[in-house]
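A.B. asks: The lines below spell out each chain.
There are 2 protein chains.
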Amino acid sequence: MPMSTEHTHLNPHISRQFSNELEDVRRKVLAMGGLVEEQLAVALRVLTDGDARLGAEVTAREEQINAAEIEIDSQCTQILARRQPAASDLRLVLTVMKMLGDIERIGDEAKRIERIAEGLVGEDSHGEEPTAALAGLGVQARDMLRGALDAFARLDERLALDVIRRDRRIDARYRDLLALLTDRMRQTPDAIPRELERLWAARSLERVGDRCKNLCEYVLYLVRGKDVRHTGLARNEDPAAE
Amino acid sequence: MPMSTEHTHLNPHISRQFSNELEDVRRKVLAMGGLVEEQLAVALRVLTDGDARLGAEVTAREEQINAAEIEIDSQCTQILARRQPAASDLRLVLTVMKMLGDIERIGDEAKRIERIAEGLVGEDSHGEEPTAALAGLGVQARDMLRGALDAFARLDERLALDVIRRDRRIDARYRDLLALLTDRMRQTPDAIPRELERLWAARSLERVGDRCKNLCEYVLYLVRGKDVRHTGLARNEDPAAE
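First to last, the sequence lines map onto chains A and B. Under our numbering, think of the first position of the first sequence as 1, with each following residue one higher. Under our numbering, think of the first position of the second sequence as 1, with each following residue one higher.
Calculated from the structure, these hints are not laboratory results. Accuracy of the hints is not assured; some may be wrong.
Which residues of chain A face chain B? A few of them, derived with a C-beta cut under 8 Å, are [as the list claims (entries may be wrong)]:
{"no.": "1", "residue": "50"}
{"no.": "2", "residue": "94"}
{"no.": "3", "residue": "146"}
{"no.": "4", "residue": "182"}
For clarity, every value in this text was computed on a predicted model and none was experimentally measured. Where is the CB? At the ideal position from N, CA and C, for every residue including glycine.
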């Protein structure tokens with residue numbers, strides 16, 4: 001899908017160059033998103049399989065993610081300064097700049113989950129109810145991230161709305177897990193530190209969901225040309241109602 | 001302090017108008033920051049004094065904060081589209097757009113703390129050690145927010161660095177409180193739900209500190225003209241080392 005058709009006032013050569021720059025930014029954001037997806041996948045593997053040999057990989061990938069954020073942000077600033085984009089080009093650049101922060105912080109949450117999971121390795125908690133519940137939450141968070149990145153890649157309004165809607169489900173599941181963990185703490189006070197670690201992992205996954213919702217709100221802004229934050233899902237629900 | 005001296009290529013009339021627009025944006029961000037400061041102050045009052053009559057006020061103020069975010073963001077987008085700012089003007093507009101998200105989310109954390117505090121009213125926990133520790137954390141978070149907003153208002157690099165440095169202290173204090181609460185849960189399993197609520201409040205205050213650090217990193221970007229995120233405090237420490 002072409003990302004830009006607005007810079008028709010430019011001469012064809014400049015216009016082509018500009019399109020390439022925007023396409024490059026778009027590609028890089030998706031690549032950065034891919035790194036964060038991997039980061040989250042690895043964190044979940046450590047959490048569910050207890051494979052703790054992946055820590056160094058996570059640290060290296062975090063550096064790549066941070067570098068990508070700085071690079072893309074600086075590229076966007078340069079585009080704003082040099083190309084002075086308007087309309088949908090401007091929206092694309094601004095959307096990308098906003099998405100960067102959320103994508104990077106999803107990476108941070110993934111790293112946090114991986115660290116927690118490393119600490120839990122050897123606790124022999126496989127097959128336990130909270131481990132399964134965390135894994136379920138993790139699958140939901142990963143699907144939301146995939147959905148948010150796809151919605152951006154394809155400028156898919158319906159998919160963006162679908163991901164926003166899924167945030168409620170992950171919140172509900174998070175609350176169930178919170179109740180389960182609280183219960184276990186009460187029954188076995190000695191296990192409180194371990195259950196708290198799981199609670200932090202669950203919280204991180206819930207926050208990944210929040211950030212995926214943010215990403216999709218930016219995608220809606222990009223597609224619709226208006227800001228839908230703080231308006232409530234109801235008004236976002238049906239594109240036909242616009 | 002003049003926020004902009006870069007648009008000298010414009011005719012004097014346009015240049016004056018443009019300066020006024022930038023000044024207006026800057027003023028509105030500070031006003032929005034003031035609302036968030038009040039939101040946090042009220043939340044802390046409910047937390048420490050147990051005065052729960054402030055809930056409606058918090059809800060009303062949250063709407064104002066959300067509306068301010070949308071309005072200022074849209075104003076910035078219009079400035080980018082119409083004025084095509086360069087150099088420090090462009091940095092100011094982009095810095096503001098980034099700050100908005102963090103300021104708004106500090107407001108969200110304040111609201112969350114206020115809700116938790118309301119739930120704790122009547123628990124007769126005044127004079128208890130965690131209440132005092134939470135209050136201390138709250139004072140630190142408020143001071144960081146005040147410092148971050150002042151650093152932006154005055155473009156004060158040293159103050160921004162000072163606030164960034166303080167984030168470590170709030171993190172340390174948060175970890176102490178976490179240990180204290182874990183201990184209390186272990187000793188009195190029946191109090192686990194209450195101690196967890198306090199834990200969430202502490203976590204929110206720690207996150208306010210994180211976001212104040214983000215705000216100050218944006219201020220450094222604005223002042224220095226280069227991105228200091230992910231570079232570690234050491235390299236930010238001494239402006240003379242640049």
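A.B. asks: Would you mind marking each hint as holding or not holding in the structure?
C.D. replies: Evaluation of the provided hints:
{"no.": "1", "hint": "50", "verdict": "23 Å, violated"}
{"no.": "2", "hint": "94", "verdict": "6 Å, holds"}
{"no.": "3", "hint": "146", "verdict": "23 Å, violated"}
{"no.": "4", "hint": "182", "verdict": "6 Å, holds"}
Hints 1, 3 from the list above are not met by this structure, while the remaining hints are.
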